[in-house]
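S.K.: From just these sequences and the hints, can you work out the full model?
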Amino acid sequence: MIVTSFKTNMEVLVNPFGLPAGLNLEGYRTVFELGGFFTYFRNSIVVTGISLFLMLLVAIMASYPLSRYKFFGNRWIYFYFIIGAMLPTRLATVNIFEVISTLGMFDTLFALIAIYTAMTIPIAVFILTGFMAEFPSELEESARMDGAGDSRILFSIWVPLLRPAIATVAIYNFIPIWNEFFFPLVFINSDQWATLPLGISQFFGQYQSDWPTAFAALTVAVVPPLLFYLFASKHFIRGLTAGAIKG
Amino acid sequence: MRFRKRVLLFLVPAFVIYSAFMLIPLLMSMRVALYEYTGIGDMTFIGLDNFQRLLFESPYADRFINAITNTLEFFLYTMVFQNVTALLLALALTRGLKLTGLFRTIIFIPVTISILMIGFIWTLILNPNIGVLNQFLEVVRLEAWATAWLGNEATALPTVAVVNAWQYTGLMVMLFIAGIQSIPEDRFEAARLDGAKGWNIFRHIIFPAIIPIVGIVTIMTLMGVFNQFDLIYAMVGSTGGPNYAVDLLGTLFYRTAFGGVGGQVPQMGLGAAIATMTFFMISTFVIGMLYINHRRKRGEM
Chain A
7 MIVTSFKTNM EVLVNPFGLP AGLNLEGYRT VFELGGFFTY FRNSIVVTGI
57 SLFLMLLVAI MASYPLSRYK FFGNRWIYFY FIIGAMLPTR LATVNIFEVI
107 STLGMFDTLF ALIAIYTAMT IPIAVFILTG FMAEFPSELE ESARMDGAGD
157 SRILFSIWVP LLRPAIATVA IYNFIPIWNE FFFPLVFINS DQWATLPLGI
207 SQFFGQYQSD WPTAFAALTV AVVPPLLFYL FASKHFIRGL TAGAIKG
Chain B
20 MRFRKRVLLF LVPAFVIYSA FMLIPLLMSM RVALYEYTGI GDMTFIGLDN
70 FQRLLFESPY ADRFINAITN TLEFFLYTMV FQNVTALLLA LALTRGLKLT
120 GLFRTIIFIP VTISILMIGF IWTLILNPNI GVLNQFLEVV RLEAWATAWL
170 GNEATALPTV AVVNAWQYTG LMVMLFIAGI QSIPEDRFEA ARLDGAKGWN
220 IFRHIIFPAI IPIVGIVTIM TLMGVFNQFD LIYAMVGSTG GPNYAVDLLG
270 TLFYRTAFGG VGGQVPQMGL GAAIATMTFF MISTFVIGML YINHRRKRGE
320 M
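Taken in sequence, the protein lines are chains A and B. Residues 7 to 253, numbered by my numbering, are exactly what the first sequence covers, in order. Residues 20 to 320, numbered by my numbering, are exactly what the second sequence covers, in order.
Derived from the structure by calculation, the hints contain no laboratory data. Hints may contain errors.
What the hints assert, rightly or not - Straight-line alpha carbon distances no greater than 25 Å define the calculated SDA-like cross-link-like pairs of lysine to any residue that follow:
| hint | chain 1 | residue 1 | chain 2 | residue 2 |
| --- | --- | --- | --- | --- |
| 1 | A | Lys76 | B | Ser302 |
| 2 | B | Lys24 | A | Glu146 |
| 3 | B | Lys316 | A | Phe141 |
| 4 | A | Lys240 | B | Leu110 |
| 5 | B | Lys316 | A | Phe77 |
| 6 | A | Lys240 | B | Glu204 |
| 7 | B | Lys316 | A | Ala139 |
M.R.: Below, the structure written as structure tokens:
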């Protein structure tokens, strides 16, 4: 893909697997000169970033009582939260549309943020609850005795230990959200709120025979997920060493 | 831990967002399983007819049973190709060997690639005429094995399962590593002092400690496989490959609910019935696993 983006169109057609004769930057020029590209890019960053942050925050909070407390209905609520991962989300499109337009969120980035946050909560709650339930209670007992409340215990004892799980959840959900194409297609109307996958599909439409340009657009789109992975995996490994329970 | 009602407030934000934008719309949509409905226009109430069609009426029942069998087969392949591999890799990557960090990154890269891209790359690799795989088999004198991997009824399903495993092994490796690393170091030391080696350490120390992770990985695989659609669509199209050989519950659902092939009319109602049945199958497994997990924890206390 990266190689193809540096070729000339002729080279792609004649020899699809060979190396290009020289670095042809024409494809990248076309991509960056198109005004829309930066808008799509920015929208994608905003939507993915906010959805991930919001999802992690609310899922961590919800996993805490579900995994550390016994109370009536606990397991039913847990099951309620993971039902979303067992049903095909797109089936709900018509009904989600009603909710979104009632709230006046149609054709805004809020629509996408709300849907992506809701869509990723089930797997996040599932993984985080699974990990948090295994932590030994001794770790929180001394903090309890010092009078620490639930939010203190959650955010200063469990969250650092959860880092590997949090990093896994974040990376796992980053990719589908970043590449998601269906919901912007349905809920975004104006070009200024289009996200990258939607924008790229237009590229493919407009530049159907212009392979280097299409591939240049795809290459640029792959950079943020890779950077994000490198960033999160550093936390993953650091979390692992911090999380090693000596005892 | 002593339970205080205030802690339930922690559930509220997730509950509100999830219910409003996902679960309530989903459950409302499931209702159309009881109707004859094309997605637009009128809905006719037909009771359980959709379910009856799926279970007993040709050709719906044939497709449905075929999709269930394929899905189960795909699940078994995935457990072996993806999860057993992931566990072995995780064991190798937690021994403090050189280049571990680099290896972890390489294994994880496929997880970050978009599914459409993966479909595109792999269909090229597997292409019977210009694909790298068959050319490679020729070089190593195994040209008798070369085949149209995705066009052959016998190989299509395992091939797609391998590609799916190739993509997600890295994620499962991460989960296993997270589980293995949280085992206290002194347990290993004690075992080593007792003279335990390789297999025994795995059997008596590592495996019992990662049972919860094995459960998480199995359930995630189950939920993924029973709703698998994108990769199959990208590799063999929404009809599920040669003679429905890779037609899983996910592809059958999309094809039925949203139509598509050759101007086929969407049958939202029938699609919702497929999704409902799929849901019951997954949740039976999941509730079973949760029950086993519950028993295990009670046993520990």
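S.K.: Hints broken by the structure, by number, lowest first?
M.R.: none
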